[in-house]
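Keeping their order, the protein sequence lines are chains A and B.
Going by this note's numbering, the letters in the first sequence line up with residues 13 to 592, in that order.
Going by this note's numbering, the letters in the second sequence line up with residues 13 to 592, in that order.
It should be emphasised that the hints constitute simulated quantities derived from the structure, not laboratory data.
Since we're looking at a predicted model, the values are computed, not measured.
Certain hints may be false.
Dumping the calculated BS3-like pairs for lysine-lysine here, alpha-carbon to alpha-carbon at most 30 Å [unchecked claim]:
id : chain 1 : residue 1 : chain 2 : residue 2
1  : B       : Lys67     : A       : Lys17
2  : A       : Lys497    : B       : Lys67
3  : B       : Lys592    : A       : Lys139
4  : A       : Lys139    : B       : Lys509
5  : A       : Lys14     : B       : Lys592
6  : B       : Lys509    : A       : Lys67
7  : B       : Lys17     : A       : Lys428
Sample of chain B residues facing chain A (criterion: CB under 8 Å; computed from the structure) [what the hints assert, rightly or not]:
id : residue
8  : Leu87
9  : Gln128
10 : Asp374
Backbone N, C-alpha and C define an ideal beta-carbon position, used for all residues, glycine too.
2 protein chains.
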Amino acid sequence: MKLTKLVGDRFKERPSDCVIDSHAFCVRGGYIKYVANGIYSLYHPMKKITAKIEKIIREEMDAVDSQEILFPVVLPGSLWEESGRFDSVGDELLRFTDRNDTSMVLGMTHEEAAVQLVKEYGNTYTKYPFSIYQIQTKFRDEARPRAGLIRVREFTMKDAYSFHTSQEDLEEYYDRMANAYFRVFERAGIPQVVAVKSDSGMIGGSVSHEYMLLVDAGEDSIVLCDACGYSANMEAADTIADNANCSPVSELKKMHTPDCKTIEEVCGYLGLPVEESCKAVIYQKNMTDEYVIVFLRGDYEVNETKLTNLLGEKIHPAVVTEESGIKAGFCGPYEQHAGCTVIYDKTLEGINSLCCGANEVDYHYVGLNIPRDIGEVEYHDVSKIRTGDICPVCGKRDIRISRGIEVGNIFQLGTKYSSAMNLTYTDADGSIKTPIMGCYGIGVGRLAASVCEACHDDYGPIWPITIAPWQVHLCLMRVDDPDCKAEADRIYDELIKAGVEVIYDDRNVRAGAMFADADLLGVPVRIMVGPKNLKEGMIEMATRDKKVQKLVSKEDIIDETKMLISELFDEINAKVRPLK
Amino acid sequence: MKLTKLVGDRFKERPSDCVIDSHAFCVRGGYIKYVANGIYSLYHPMKKITAKIEKIIREEMDAVDSQEILFPVVLPGSLWEESGRFDSVGDELLRFTDRNDTSMVLGMTHEEAAVQLVKEYGNTYTKYPFSIYQIQTKFRDEARPRAGLIRVREFTMKDAYSFHTSQEDLEEYYDRMANAYFRVFERAGIPQVVAVKSDSGMIGGSVSHEYMLLVDAGEDSIVLCDACGYSANMEAADTIADNANCSPVSELKKMHTPDCKTIEEVCGYLGLPVEESCKAVIYQKNMTDEYVIVFLRGDYEVNETKLTNLLGEKIHPAVVTEESGIKAGFCGPYEQHAGCTVIYDKTLEGINSLCCGANEVDYHYVGLNIPRDIGEVEYHDVSKIRTGDICPVCGKRDIRISRGIEVGNIFQLGTKYSSAMNLTYTDADGSIKTPIMGCYGIGVGRLAASVCEACHDDYGPIWPITIAPWQVHLCLMRVDDPDCKAEADRIYDELIKAGVEVIYDDRNVRAGAMFADADLLGVPVRIMVGPKNLKEGMIEMATRDKKVQKLVSKEDIIDETKMLISELFDEINAKVRPLK
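Assemble the whole structure, with the sequences as input and the hints as a guide.
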């Protein structure tokens, strides 16, 4: 394709609303066009990239015996009522009525549609296991779309659903799918993606994993252990506080702590280590407004998702009223907090002598020993793990918190949807059973943007050859030089004939402008036909990442190009793990 | 793929709600699943078919220099307000508001999005012409979805948009696109599709064509001339009545015609030919309720679309009140119809002596001569052309009306959207101009269903090899016979290795059930491995349409299969016209 024919503009200035690099490059490079908040059109280069990603995904899904189907975007509300999600999901589920006043929704995931599709088919054990997937447009009415294609309202997603007659069978398939997911990311050129155990949330005690691309611009925090390779998201990582070397038991004493508002101020005023303090963080339950008081070590923070999961209901930061009896800033465990749910975090376990609020303005206790002064309490893990903490797997103090973008997730669903929607099968012994499900998602556009975020320099994306919009960017440096023009035309024709995907820039523009555009298009191999080199029978060839930069004779340029392309493919494929 | 793994049920009974065969087979064959009125999920075989159709479409669009992009399904209402369609389109446009109360629509076509996408890019004449297309989900809130995938509410559509600086350039591209459309249908196995000139409706005097597959189950009527090949849709075909041999001029006389309500009754009572009568059909304008009286030859019918286009506004059948002064059943042209719009249809032109209503209950005139008795009137063509009528192109009486399914349409849009949405470019001379657009649509699912409608027998679809879900259906006739099983397994493995798409039925079922399923899946080549033939080293091979049925030695079966597949491809490709 000639660059002059490519619809879309490329430009130099970074748009002010682009916070992360991939977003800026996608706009500056003519990849995406803003249509509405969180809604974009894709220009041809991005469409080519996503089509290649979709092809990789299809091949990997087919390889684990999932079969492609297609669900509708518009679904009847009644289907979501069956599963209970019509009411349980918030505003991100877009609901509307059609011309006949029938309630409809825009599908944001398709568990209900999947169960509906296989309801008759899956009625006998002989049909199991089976797996289906689609690549389809989804809509989630996100409150705060941002970062270009990373967090949008409308997106193309691959979602797969598997059905099993036993937990063992699900787990076996889940492992194959987990492996297929790694292969997708490896083939797309981001082998550095890690799978982290994730919070299974309100859905129940099932296993789930998020695939995280570790990049500074990521919006998620990921827990990693450099010693043993452990990884988890923040909600799923157990916090282990090190209280081994704390002070010995001492006497309980009430202390005057005037003008000390924070636990750090109190400890500073009293000359005590903050690691031996107990602070209170206060929430209210969304449904009842009942207070929830969390006591935890002064230097830790509450992880609200862990707390929500423990309580089994949603909470919000408390508005502490006078009537509540709670003394904000001075709340401590040495008192009955009637009518409140009190949670002791595990970080307090094993500390002999704690400093804590005295439930009286301007007073704190020191020397609190929970077993002695309060009695047996149950400790729960509701705090945020921190860099330098103890790894819950290997026990070393090698925990590191990184930023990441979630590029995929897999989930052992259990029977949540199959039982709610009454999907059953007759087992070999004639009994009626409920199948166990798994579900597996990858956002196509987000993956494309994530690769850009992981693979770029100051001038634009450096697309891996497996998903690059073209393989070769051919630059005719002097369109007014007939020899150059003839040679570039020849290279173009011969590469096209050889099945190579080429974008050909034969515009009459300065070299600087030509290279700036080439950098923004990020095509892996660049061929530059210029008069100086051509006089000596040579043509310049380089990779977008500058690792290869050389002069090649014009007789060899076609073969050398094909060889370089094949090497770039090999480089990526070498990092792809075997099929499971 | 093994048939045992294919998700979806096949069954014998024709569902009672399936009016046309393709719908019945799509349901019975496990191709589609009803989700809501006019909304279906696609099982794997239909997804494979539509994917192959999409590949053909992509190749043909790329070949006419259209580039693939992707628009959103959900569009801001403001975009549709710019074009004026937010208000002008009826209930089939699904409108809703998002969580921020912003007005949104579900895209039913993407002219607005196309203009928005190229607004900056297309600002100078040097960028023209260019063409973009997408294959994307559309939603149209049809009042009466029916016939399976033929008329649905949600569907996958290829829509292309081209942009030009002159009408000549548009027309040249329109021709190439028209040719590409024929190639798509020819490659999909329905070379019998005809392009018919279609009504350009309220949009203005532009040219448009519909691609019609002629099948009895079609919901549209198409005008064809067997003598010269002329084709048009009903609205676009000029009616030419043959009044050459009518009776001579005679005297105007009022006649008593008691109890004669219809024009046939009147003519019968008076012993006159209905071809020399003038009947009145009465409408009212939707906006003003003003009466519109159409006078036309007694044996013709009004084509309401022609009438709407002539008037430039919508009409509905009249409710004739007493105050109107119109005598329903006796309305004739020999009177001033004050306050009414009076239209004379061309079918009346040249008749010397007409029988018509006398505007008085139970009375008609005979011998009416319009030029003599009424004066010069303008005749318009607002009547329906009929089988046996005169061809407007070659003049022969060879007009035939057929039923058809519209499988695609192409349209010269003019500047309707570009000027409404203020898309302009600077021309070479510095002047600001508005580009001219074309748009081009094919419904993917409808095309799949149409091919089924055109290519089936009593037992199921006969898929053309170019879009068939698989190329070979391998039947192991006796799974309990180890020799048969080993041979069928070998054939399966070797065909897969050779890149052939095989569905393998190794179930333990009766031959009848096996063949019924194979018929429903409609795969072009069938290989049957049975004990009787295999004892003699032979394997049975047949095409789905029974044109080939033969025994092949087991040594030759792989090569013979590949050869047969290649012949089936050749057969289709032989009917594909060259690229333009």
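Please verify whether Lys67 of chain B and Lys17 of chain A have alpha carbons no more than 30 Å apart. Holds. Lys67 of chain B to Lys17 of chain A sits at ~22 Å (cutoff 30 Å).
When the nearest CB of chain A is found for Gln128 of chain B, is that gap smaller than 8 Å? holds, 7 Å
Is the hinted pair Lys17 of chain B and Lys428 of chain A satisfied, with a Cα-Cα distance of at most 30 Å? Judged against 30 Å, a Cα distance of about 24 Å means the pair holds.
Is the Cα-Cα distance between Lys139 of chain A and Lys509 of chain B 30 Å or less? holds, 26 Å
Quickly compare the C-alpha distance for Lys592 of chain B and Lys139 of chain A to 30 Å and report which way the hint goes. Outside the cut-off at roughly 49 Å; violated.
Please work out if Lys497 of chain A and Lys67 of chain B have their alpha carbons no farther apart than 30 Å. violated, 34 Å
Can you verify the interface hint for Asp374 of chain B: is its Cβ closer than 8 Å to any Cβ in chain A? violated, 46 Å
Hinted contact Leu87 of chain B with chain A - closest CB pair below 8 Å: holds, 7 Å
Mind checking the alpha carbons of Lys509 of chain B and Lys67 of chain A for me, to see if they're no more than 30 Å apart? Since the Cα atoms of Lys509 of chain B and Lys67 of chain A sit roughly 20 Å apart, the hinted pair holds (cutoff 30 Å).
Straight-line alpha-carbon gap Lys14 of chain A to Lys592 of chain B, limit 30 Å: holds, 20 Å
In summary, the structure is inconsistent with hints 2, 3 and 10 from the numbered list given earlier, while agreeing with the others.
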